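Residue numbers (the numbering used here), protein chains in the order written: chain A, 1 to 138; chain B, 1001 to 1138; chain C, 2001 to 2138; chain D, 3001 to 3138.
Hint data in this document are derived by calculation from the structure and do not stem from the laboratory.
This one's a predicted model, so the numbers in the text were calculated from it and none came from an experiment.
Take these hints with a grain of salt, some might be off.
[Said to hold, decoys possible] Using 16 Å as the maximum straight-line C-alpha spacing, the simulated EDC-like pairs for lysine to aspartate or glutamate come out as follows:
no., chain 1, residue 1, chain 2, residue 2
1, D, K3063, C, D2037
2, A, K25, B, D1115
3, A, K63, C, E2075
4, B, K1063, A, D37
5, C, K2135, D, E3095
6, D, K3135, D, E3053
7, C, K2025, D, D3115
8, C, K2025, D, E3108
9, C, K2063, A, E75
10, A, K63, C, E2071
11, D, K3121, C, E2033
12, B, K1025, A, D115
13, C, K2121, D, D3037
14, B, K1063, D, E3075
15, B, K1025, A, E108
16, D, K3135, C, E2095
17, A, K135, B, E1095
18, B, K1135, B, E1047
19, C, K2135, D, D3093
20, C, K2121, D, E3033
21, A, K121, B, D1037
4 protein chains.
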Amino acid sequence: MTKLVRFSVSMEEKLVAAFDRRTRKRGYATRSEAIRDALRAQLVRQEWEEGEEVAGVITLLYKHSHPGLSECLTEIQHHALLQVISTTHIHLDRENCLEFVAVRGKAERVRKLADGLISLKGVKHGELAATSVGKRLL
Amino acid sequence: MTKLVRFSVSMEEKLVAAFDRRTRKRGYATRSEAIRDALRAQLVRQEWEEGEEVAGVITLLYKHSHPGLSECLTEIQHHALLQVISTTHIHLDRENCLEFVAVRGKAERVRKLADGLISLKGVKHGELAATSVGKRLL
Amino acid sequence: MTKLVRFSVSMEEKLVAAFDRRTRKRGYATRSEAIRDALRAQLVRQEWEEGEEVAGVITLLYKHSHPGLSECLTEIQHHALLQVISTTHIHLDRENCLEFVAVRGKAERVRKLADGLISLKGVKHGELAATSVGKRLL
Amino acid sequence: MTKLVRFSVSMEEKLVAAFDRRTRKRGYATRSEAIRDALRAQLVRQEWEEGEEVAGVITLLYKHSHPGLSECLTEIQHHALLQVISTTHIHLDRENCLEFVAVRGKAERVRKLADGLISLKGVKHGELAATSVGKRLL
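Given the sequences, and given the hints that come with them, work out the whole structure.
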């Protein structure tokens, strides 16, 4: 069981108002929950900056008809067995593929793997959605 | 077959140098491919801003022991059948779960679904990785 | 709310004993639950035989280095957009791939798709795990 | 590179004819490929019988509204971290869920995990699609 503390924060009125608008728009039940999320987002960023064990998903948009591309994507992933958990392939239409590579590992290795995949010729759009393995996030 | 054009761009030397360092670091084979990726990233952003049909993945980090949370996540997703394609669940450890919800649909609906899931109490970290269905991206 | 009925069944003693051993071994809480599962399994089979809308997963084991195979698998799946929901790729080792193709549709189309994928040269093992979309199963 | 051998088999004419009909119906290019598949299917079965390291997918059909069920499914999977790779959840309709649990490990542990999940009250249909990790299958 985690002990809860309560403390006050001073802030410009306008900043609070802007944040409250966002909080409501995003559907948060309370301002506190929205603030906790903002703090945790910073902690996740820190885990990546400090090279901790992290998790994430690499999104890849490409045409499967691009010569040699899908084989190359598979090849790279099979050489990163320690980082790749599983890959989900969505068949958008006859041509376009969307792949989600679930990854976990040291931040630097994961980022390098993402760069290697996204920079391939034929990958139209790619991104690394960075998150945490959750151990240090309450 | 897509016709290729070749044209020149004028730019500050320092900007080119900085971009070239990034290009090499990310593993791109050529500067042109890195520039194409930068342009396509802007087009993806535009699809989201203009409310087009888009695709993406919602990442959710949470503890499955949080009372009622996993049922609530499932419930919301089952009420968004048109947007949700499939969900991948990674069991990080005894407590922590990482879920990747593959989504597709009108930008506004997808973003609202993401907000609704991420803002739930008990979701420690969440993000919407925004990409495209690829139809208008070469 | 579904109304429950209670009725009796006559059966050879030995058959009951054998089924009870299986029930315990499989971890069922009660004999009734194990019997309900046996009946539902028959109903799922019937949905497939009668050509209903069904669901399932096609498992495919192959080496990604087999020339042209992964492209061919992708190509076939992209021509069956109505049946294929999403595909999960597990990287077993440097060479071996395990793919799970989640499918849904008319039984005959799904089976034909499964046959087409499994019979490809280079697919070492494949199977269609047949289940139901659940509408008619209580 | 694997050396190929060629040898002859004697068989009842009718058995060959029946197998050839199946071979054509399933879309195999040659009788040899269909026979290789039949042999590999036996070897996969043997890996499971002899308790080798195997792989597979557990399919689970259930209603997410069944009280406590989805939490129980998640709980069991999080206690089998060594066997569970990832889980894909398909939202069939407002009520019905289809889950594919990708598994890998000693045959006995995997089978026990499958039994534990499938026998839960509320799981309408479940199956273990058994395959191999591919190391010993050519």
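Straight-line alpha-carbon gap K135 (chain A) to E1095 (chain B), limit 16 Å: Distance of about 9 Å is within 16 Å: holds.
- prompt: Between K1025 (chain B) and E108 (chain A), is the straight-line Cα distance small enough, at 16 Å or below?
  reply: Satisfied, since the Cα-Cα distance of roughly 12 Å is no more than 16 Å.
- prompt: Between K1025 (chain B) and D115 (chain A), does the CA-CA distance stay at or below 16 Å?
  reply: Holds: K1025 (chain B) and D115 (chain A) sit about 8 Å apart, inside 16 Å.
query: Taking only the CA atoms, is the gap from K1135 (chain B) to E1047 (chain B) under or equal to 16 Å?
result: holds, 11 Å
task: Sort out whether D1037 (chain B) lies within 16 Å of K121 (chain A), counting only the CA atoms.
output: holds, 9 Å
query: Taken at face value, is the distance from the CA of E3053 (chain D) to the CA of K3135 (chain D) at most 16 Å?
result: Status holds; Cα separation ~10 Å.
message: Can you confirm whether the C-alpha distance between K2135 (chain C) and E3095 (chain D) stays at or below 16 Å?
response: holds, 9 Å
- request: Mind checking the alpha carbons of K2025 (chain C) and E3108 (chain D) for me, to see if they're no more than 16 Å apart?
  value: holds, 12 Å
- prompt: Between K1063 (chain B) and D37 (chain A), does the CA-CA distance stay at or below 16 Å?
  reply: Within the cut-off at roughly 15 Å; holds.
- prompt: K2135 (chain C) and D3093 (chain D): Cα distance at most 16 Å?
  reply: holds, 9 Å
task: Please work out if K1063 (chain B) and E3075 (chain D) have their alpha carbons no farther apart than 16 Å.
output: holds, 11 Å
field: Agreement of K63 (chain A) and E2071 (chain C) with the hint, judged by alpha carbon distance not exceeding 16 Å
entry: OK: K63 (chain A) and E2071 (chain C) at ~11 Å, within 16 Å.
Hint violations for this structure: none, all hints satisfied.
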